[in-house]
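Colleague: Chain order of the listed sequences is A and B.
Position 38, counted from 1, in the first sequence is what this note's numbering calls 41; the numbers after and before it change by one each time, with no gaps.
Position 20, counted from 1, in the second sequence is what this note's numbering calls 405; the numbers after and before it change by one each time, with no gaps.
Errors might be hidden in some of the hints.
Within a straight-line C-alpha distance of at most 30 Å, the following computed DSS-like cross-link-like pairs (lysine-lysine) qualify [to be verified]:
hint: 1; chain 1: B; residue 1: Lys451; chain 2: A; residue 2: Lys545
hint: 2; chain 1: B; residue 1: Lys537; chain 2: B; residue 2: Lys557
hint: 3; chain 1: A; residue 1: Lys545; chain 2: A; residue 2: Lys390
hint: 4; chain 1: A; residue 1: Lys390; chain 2: B; residue 2: Lys582
hint: 5; chain 1: A; residue 1: Lys545; chain 2: B; residue 2: Lys537
hint: 6; chain 1: B; residue 1: Lys557; chain 2: B; residue 2: Lys495
hint: 7; chain 1: A; residue 1: Lys545; chain 2: A; residue 2: Lys477
hint: 8; chain 1: B; residue 1: Lys557; chain 2: A; residue 2: Lys390
hint: 9; chain 1: B; residue 1: Lys594; chain 2: B; residue 2: Lys451
hint: 10; chain 1: B; residue 1: Lys594; chain 2: A; residue 2: Lys390
hint: 11; chain 1: A; residue 1: Lys539; chain 2: B; residue 2: Lys452
hint: 12; chain 1: B; residue 1: Lys557; chain 2: B; residue 2: Lys594
hint: 13; chain 1: B; residue 1: Lys582; chain 2: B; residue 2: Lys537
hint: 14; chain 1: A; residue 1: Lys539; chain 2: B; residue 2: Lys451
hint: 15; chain 1: A; residue 1: Lys540; chain 2: B; residue 2: Lys452
hint: 16; chain 1: A; residue 1: Lys477; chain 2: A; residue 2: Lys540
hint: 17; chain 1: B; residue 1: Lys582; chain 2: B; residue 2: Lys452
hint: 18; chain 1: B; residue 1: Lys557; chain 2: B; residue 2: Lys582
hint: 19; chain 1: A; residue 1: Lys390; chain 2: B; residue 2: Lys451
hint: 20; chain 1: A; residue 1: Lys390; chain 2: B; residue 2: Lys537
hint: 21; chain 1: A; residue 1: Lys539; chain 2: A; residue 2: Lys477
hint: 22; chain 1: B; residue 1: Lys451; chain 2: A; residue 2: Lys540
hint: 23; chain 1: B; residue 1: Lys537; chain 2: B; residue 2: Lys594
hint: 24; chain 1: A; residue 1: Lys390; chain 2: A; residue 2: Lys540
hint: 25; chain 1: B; residue 1: Lys452; chain 2: A; residue 2: Lys545
hint: 26; chain 1: B; residue 1: Lys582; chain 2: B; residue 2: Lys594
hint: 27; chain 1: A; residue 1: Lys390; chain 2: A; residue 2: Lys116
hint: 28; chain 1: B; residue 1: Lys452; chain 2: B; residue 2: Lys537
hint: 29; chain 1: B; residue 1: Lys451; chain 2: B; residue 2: Lys582
hint: 30; chain 1: A; residue 1: Lys477; chain 2: A; residue 2: Lys390
hint: 31; chain 1: B; residue 1: Lys495; chain 2: A; residue 2: Lys390
hint: 32; chain 1: B; residue 1: Lys495; chain 2: B; residue 2: Lys537
hint: 33; chain 1: A; residue 1: Lys390; chain 2: A; residue 2: Lys539
These aren't lab readings, by the way, just hints derived from the structure by calculation.
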Amino acid sequence: MKALLRIRFLYLLDGWRKVLTPGSKAGDTKGKNTGKIIGFSLLLLYAFGAMLAGITFFCVQMSVFVEIGLDWLYFSLAFLAGAALTMLGNVYSTQNQLYNARDNELLLAMPVKMEHICLSRMVFLLLGASAYMLAVTLPALVVYWVRFGMTLPVFCGYLVMFICMVLFCQSISCVLGWLLHQLLSRIRSKALGSLLFMTVFMILYFWVYAKIMTRFEDILGQMVQLGTDLAALFTDLGGFFVWLGQGVMGSPAALLIIGGITIFTTVLGYYFTIATYRSSLLIRKAAEKNSRTHKTAAVRTPVVAVCLKECRRFFTCSVYLTNLGLGVIMTAFAGVGGVVFRSRILEPMHAVGIPQEVLLPLVFLGIFGFIQSMSAISAPSISLEGKSLWIPASLPLDGWTILSGKLLFHLLATVPVSVLAVLVLGIVYGVSPAVLACLLLYAAAMPALSGILGLRLGLSFPRFDWLNEVYPCKQSMAVLFTMLVMMGMAFLSCGLYLLVLHLTGGLFASTAVFPAAVLAVLPSLGLTGIQYFRLKKHGSPKMEELCRSL
Amino acid sequence: MLRIEHITKRYGDTCAVDDLSLHIAPGEIYGFIGHNGAGKTTTLKAAVGLLTPDAGEIFVCGHSVKKEPLVCRRCLSYIPDNPDLYEFLTGHQYFSFVADVYRVPADIRKERIEHYSRMLGITDALSQPISTYSHGMKQKTAIIAALMHDPKLILMDEPFVGLDPLASHQLKTLMAEHCRNGGAIFFSTHVLEVAEKLCHKVALIRCGKLIASGTMEEVRGDNSLEEVFLELTEQEADE
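Bound-form chain A, shown alone (with noise of 0.2 Å):
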C-alpha cells in the first residue's frame, strides 16, 4: 500500500514538475529553471486568485443570509456549492484515474491486493475533492470570519462538515464514475455520447446561467427576501440541506447525523467501489461483432491522410472532444441563440441607448473571440501522439506535412462553424456588408490563430508520456497558453474597437464603425499570418527533432 501511494505521488509530482518546467531540457541552467519554475506559478496563482475572487464575490453577498438570522443557510448553501464543484470534478477523474487507467493491468500482475490498488487512487481522488471544497467553503468561512467573527463551535463544526462532505462527494462520484463507465463502453460511438452529453451539459447551463442573469439585479435586491424563501423550501425539503448548515454551526445534533450518514454512505461506496473495481476489471465483454463494412478507400494525399486520422482521434476521445470541442459546440449555440432570441438580446441594447450597428460588432468581436480561446484542438495534438509518435516518424512524412495535416483538421472543424455562425447573425442582426466582410475575417482569423497557436506551442511544450488523455487535453502548458492568447487576442480587438470609436466621437454619435472594425480585426490577421510563417519555418525540423527523439 506505501510503496503504490509513493509510485501514485511521485507520478503525480512528476506531472506537476513539468507542467511547471515545460520543455526544460537536461542541459538547462538551474536558473533558467527557477525562472520557469517562478513565471508558471506565478501564472497558475493568477488563474487560481481569479477563480477565488469570483468565489468570494458571491459569498459575499450570501453573507446577507448571516445578517437576518440564517447563519446555516449560508453555509449550507457554501457546502452545496462546494458538492456540486467537487462532483462535477471529479467524476470524470474517478472513472479516469479508477476504471480507466492505463496501469490497471500492470499493478493486477503484481502480488498486490485490488483493495490496495483501489484505496491507493483513492487517496489521491480524496485530495482532490479536499481541493475542489476547499475552493468553494474556504472563501465563505473567510468572509464568515472577517465580518461576523469566528467562534470555536463554528470552526470546529465546520471542519467536521468538511471532512463529512468531501467523504460524501467522493462516494458519490465513485458511483457517478462508475455510469460513466459503463455507458462510455456500452456506447459504440463515443463521438455521438460525447457529443449528446455535452449539448446537454451546454442547455442546462446556458438556461442557469440565463435565468441568473436575467434576474441578477432583481436577485441581489431581494436578498432577504430570497434567503427567507430558500431557508423555506430547505426546511420543507428535509433535514440534510438543514442539518448540513446546523453542523457548520455547532449543533452537535445535526453533526451527529450527518456524520453517521457519512459514515454510512462511505462504507457503502468503499465497497461498492471495490466491487465496481473488480468487476470492470475482470470481467471484460467479449469484443462485439462490428457489421460495418470498410469500403475501399479512395487514394487520400499524405496531408488529408493525417488530418483524416487527428479526426477520428477527436471524435473517438471523450476526454479530447468534451474539453476542446467546447469552443465549436459554443459557436453553434451562439449562432443558433442569437437568431432565437433576437429580440430578446436586442431589448437591452436599445435600453442601453448606444447605436446598434456601433454595439453589435463589438458583441460580435467579444463572444466570437472569447469563444475560440475554448476552441484550442490542435494544442494538445502532438503530446496526443504520446507512444504512437513511431509510426509518422518511421513513415516517409516531413514534419510541415504532419503539422499540416494536424492544422487541417483544426481549421475544419472550427473556421466553417465561425464564419456560418457570424455570416447568419450579420445578416439578421443587419450589419453592414463592409463591417460583416471585417467581421466574417476575423471569424476565419481567430480559429486560424488558435490552430497555429495551439501546434507551436504543442511543439514547445510536447509530453509523451501520459497514462491517460487527460493530462494533453486539460492540464498541458499548450493547451492553457493558447487559451489565455486567445482571451488576450480577443480583449485587444474589443479594446482597439473602442479606441477607435473613442477617439472619433464616442460610442453614441460614431461615424467611424468601419474603420474600427478593419483596425479590431487587424491584430487577428496579422498575428495569424506571422504565426503561420514562423510555424512553417520553424515547426517542420522542430516535429522532426521530436520524431528523432525517440
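Given the coordinates of chain A, work out where chain B should sit on it, guided by the hints.
Modeller: Same frame as chain A, but now just chain B:
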C-alpha cells in the same frame, strides 16, 4: 541495401552503440543478436532515422538517412518491438492511413490487405478498433502495414514476440518470400534457433560492440549459434 558505417550512439555516459558497421545486401535476411540492452534497438532506430547517431553514417538504398530521411523511409518499413499503434483507428483505417502516406493505389492496397490479413488470420478483426486487439494481433497489424508499400528493406525489432505458432510460421514464409523477390530484412531477435534457421547472415552485438558478423557458416562454424553466442559473450566479458 543497408549500409551502417561506424555509428556510435551515447546516452549520457553510457555508450549504447560503439563504432558499429554492417552491410545488408539485397536478398539477405540479416539477424541481429545480442543480450538485453546490447544496442540492437538503438541500431535499428538509427537506421530508420528515429534517433540520430553521435557519429557515423547510415545509408539505405544508397541514400544517407541523415541527409535524405524521407527518401530512405520510402524504401523501408519498420516494425518496433512493442507496436503502440493508433488505438482509436480500426485495422482497416490504420492500413488506409499508411497506404495513403505511401500513396499505394486503391486496388493494390485492397489486394494486399486481403492477402496478408487472410494469411495472418486477422481478417475478421479489421473492422474493430485496434484498442480491442491482443498484443499478437497488434503485431500482425504492424506487419501488414509494413508490407503495404512493398518496401525494399524491412527493419524488425523482435518480430516473433507475441505471435502464435501459425502466425510465426507465416511470418517466416513472408520474410523468405520478400528476400526471394530481391528485398532485404534486418531483424533483431533473442531466439537463436529462429535466427539459425532463417538468416543468411548474422551479427552478434555485446554492450554496443560488434563481436562477430558474417554468413551463418562463418559465424558458427561447426557449433550451434547458441554455443558461439555464449562463448563469444563470455570471452568479451572476461576481456
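Colleague: Now look at each hint and say whether the structure bears it out.
Modeller: Status of the hints after comparison with the structure:
no.	hint	verdict
1	Lys451(B) / Lys545(A)	15 Å, holds
2	Lys537(B) / Lys557(B)	17 Å, holds
3	Lys545(A) / Lys390(A)	18 Å, holds
4	Lys390(A) / Lys582(B)	33 Å, violated
5	Lys545(A) / Lys537(B)	29 Å, holds
6	Lys557(B) / Lys495(B)	23 Å, holds
7	Lys545(A) / Lys477(A)	23 Å, holds
8	Lys557(B) / Lys390(A)	27 Å, holds
9	Lys594(B) / Lys451(B)	22 Å, holds
10	Lys594(B) / Lys390(A)	28 Å, holds
11	Lys539(A) / Lys452(B)	20 Å, holds
12	Lys557(B) / Lys594(B)	28 Å, holds
13	Lys582(B) / Lys537(B)	22 Å, holds
14	Lys539(A) / Lys451(B)	21 Å, holds
15	Lys540(A) / Lys452(B)	18 Å, holds
16	Lys477(A) / Lys540(A)	28 Å, holds
17	Lys582(B) / Lys452(B)	36 Å, violated
18	Lys557(B) / Lys582(B)	10 Å, holds
19	Lys390(A) / Lys451(B)	23 Å, holds
20	Lys390(A) / Lys537(B)	26 Å, holds
21	Lys539(A) / Lys477(A)	26 Å, holds
22	Lys451(B) / Lys540(A)	19 Å, holds
23	Lys537(B) / Lys594(B)	27 Å, holds
24	Lys390(A) / Lys540(A)	26 Å, holds
25	Lys452(B) / Lys545(A)	16 Å, holds
26	Lys582(B) / Lys594(B)	24 Å, holds
27	Lys390(A) / Lys116(A)	29 Å, holds
28	Lys452(B) / Lys537(B)	19 Å, holds
29	Lys451(B) / Lys582(B)	34 Å, violated
30	Lys477(A) / Lys390(A)	19 Å, holds
31	Lys495(B) / Lys390(A)	28 Å, holds
32	Lys495(B) / Lys537(B)	20 Å, holds
33	Lys390(A) / Lys539(A)	25 Å, holds
Checked against the numbered hints listed earlier, the structure breaks hints 4, 17, 29; every other hint is satisfied.
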